[in-house]
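Visitor: Sequence:
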Amino acid sequence: ARLVTEKDPPLLKVNVAAHTWTGGGRPASWNHPYPTQTPPAVIRIHAIGEVTRAKIDLRLGLASIMARSGTVTVRSLLQKNVTYVETDRPVSLEGFPQSFLPPAEKTQAQGVVIVKQHLPGDPDYAGMDVFSVLATQGARHAIAIVTTRESENALEEAIRLAKGVLDQASSSIVKAHEAQWRKFWSRSGVKLDDDDLQNWWYRQLYYLRCLSRPGAYAIALQGGYNSKANWHGTWTMNYNAEQTFWSAFSTNHVELSEPFIDLVNAFHPRARWYAKTVFNSEGAASPHNLWPFEPDPAECVSVNKRQLAYMPWSYGIGTAGHMAHILWMHYVYSGDTLYLRDKIYPIIKDYALFYTSFIEKCTLDNGKVVFGPSVDPEHTAFGWDNSPYDLAWAQHTLKAAIQGATDLGVDSDLVTRWSNSLNRLPYYSVSGDVIKVGDREDGYNIITPIVPLFPAEQVSWFSQTREKDLFKRSIQWIDSRYNHNNSVVMLNVARARLSMTDEALNDTKTWFKGKEQPNGLFYWKAHGFYMSEQTAVSGLITEFLLQSVDDVVRLFPAWPDHKAAHFSRLRTRGGFLVSARQQEGVVSDVTVESTVGGELKLLSPWDSIEARYPDGRVVSLTPDSQGIVSVNTQKGQRLNLAKTVTR
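In the numbering used here, the protein residues as written are 423 to 1069.
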């Protein structure tokens, strides 16, 4: 995370009221190869001969390499931060050379092999040492990695971890590891009449678990897939970073989003400073990129307080709202008010304060603000107004802050300010009969005209027909006008939200089938790299089966009638775990488990519907004019919902 800003130009200074700005420019610090992610060491298995086959067993978290000399098994243990290898072939541990790093130091002590990689610091960041340790006992090998940021006694801790694994019987190690994977897979599942989609759902959920767990550091743009990351392997906060963690919610693994939330919380002192320094606004805002281990700017001596802000994209005002989305999803999917109070609301409150402070300075046009100056992400120069991306995320954040304050019973005065700000935002700019960014006709990277539909969720299946038709036309228009680099998941979730079933399924299958590799990952050929954000494919497929936008559950909203599908314990807003089956267009076996209690709202798949309770009670439900039924639930309650049976 070394960051050298000594030759960077001054940060942008924006006068919102005057719609003027000074400073900015392309920072020289971006041209360094660092900050970046890099493998700390390389594990080599020698003299195994010709490899005949390799496979990963997702159920058990087991990689097997079959060679002429025998089989090598590799497990990244879920119960310990240790890689466990079983082979009678020699195993070595070596440094991973990088031109911008000092050579790794390889030594032996206490019966283990040690690789120490020093990562240099800068005037505000101390740097760190990374210790990789290999312990061997016959045909069993354990590799542990600990950094000096994690422990003052990093080397001793790494040795303890590696040796501690080998002190146990192999059967005990494997049993504990596999038990955790079985528990993981018991949380949810799908069975689809489409092998590709079913395989992708499981593979990408597996990779998400490999990349994330509570208490871990958030995975960045390209994870550990590549020897050297492009774009510095940073957290790119105008879409990529959020997409990586988004699927955790609907797949019923909410906890896998928490490293992202921890990252945003750790960054928050700098976010508050950034809002004041760049926009002279209250609250907190964010640049385009976040870096590991960001120090508090109040303690920094580097140029620009060690802030690398890439011109112009770091100065878009919608980024903070996009970051807030993952935090807010944790609350609406879990219902955890303590987590809301401690880790979510304080951040969203400051982001909403930023938007309100900004809006209160903006000039007016026919009673609505001119929402800028800003930048439409990766499309325009700075100075842009009324970007659909900015508008949608400001709306989302203000509404989330209002709901969060209301649920916690706090900040009633701010709720009034936020409500007033919401009312002053204009509608998205329509050009002809579609939403565009100015007169831009092609070259879209992030499909910002569609962001109000997804992921900002200001438009939904339950919006007015006229608005839904506008977004359907905009989807069709932009389909041939974006570069298919970053937005394939976004576009097809948007299609699924409007039940554009054939288009969503066909585009998903065509694009990802062309990127699928033998290792189960998708290779972004346009980027030349594996991308961490591919984990969102499991969330995309879930959208075909189950949605809960506007707190209304929809079953099989974008799944074709002629294909069978069954899902178990997928999660919706409100903390409901839903299971259902569809066969030849007929929905059945609908069960709902309430994890927090509260009102369940369901778009009924039948003309008449009843709720069946565990105690034998059967209650008829009456759909409203939109076909929605409501049921009050208690925490821990399980309901069966079915077509009414004539008795």
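No lab work stands behind these hints, which were simulated from the structure alone. Some hints here could point you the wrong way.
What follows is a list of derived Cβ distance ranges for each label pair [stated by the list, open to error]:
hint, residue 1, residue 2, range
1, N652, E574, 31 to 37 Å
2, L760, S514, 44 to 50 Å
3, E574, G1019, 42 to 48 Å
4, Q530, D718, 38 to 44 Å
Below 20 Å or equal to it, Euclidean Cα-Cα: the simulated PhoX-like pairs (lysine-lysine) are [claimed, not checked]:
hint, residue 1, residue 2
5, K585, K597
6, K538, K650
7, K858, K894
8, K435, K727
9, K538, K585
10, K597, K613
11, K650, K502
Here the structure is a predicted model, which is why all the values come from computation and not from measurement. Beta carbons are placed, not taken as given, at the ideal position from N, Cα and C, and that holds for glycine.
Visitor: Enumerate the violated hints, using their earlier numbering and listing them in ascending order.
Guide: 10, 11
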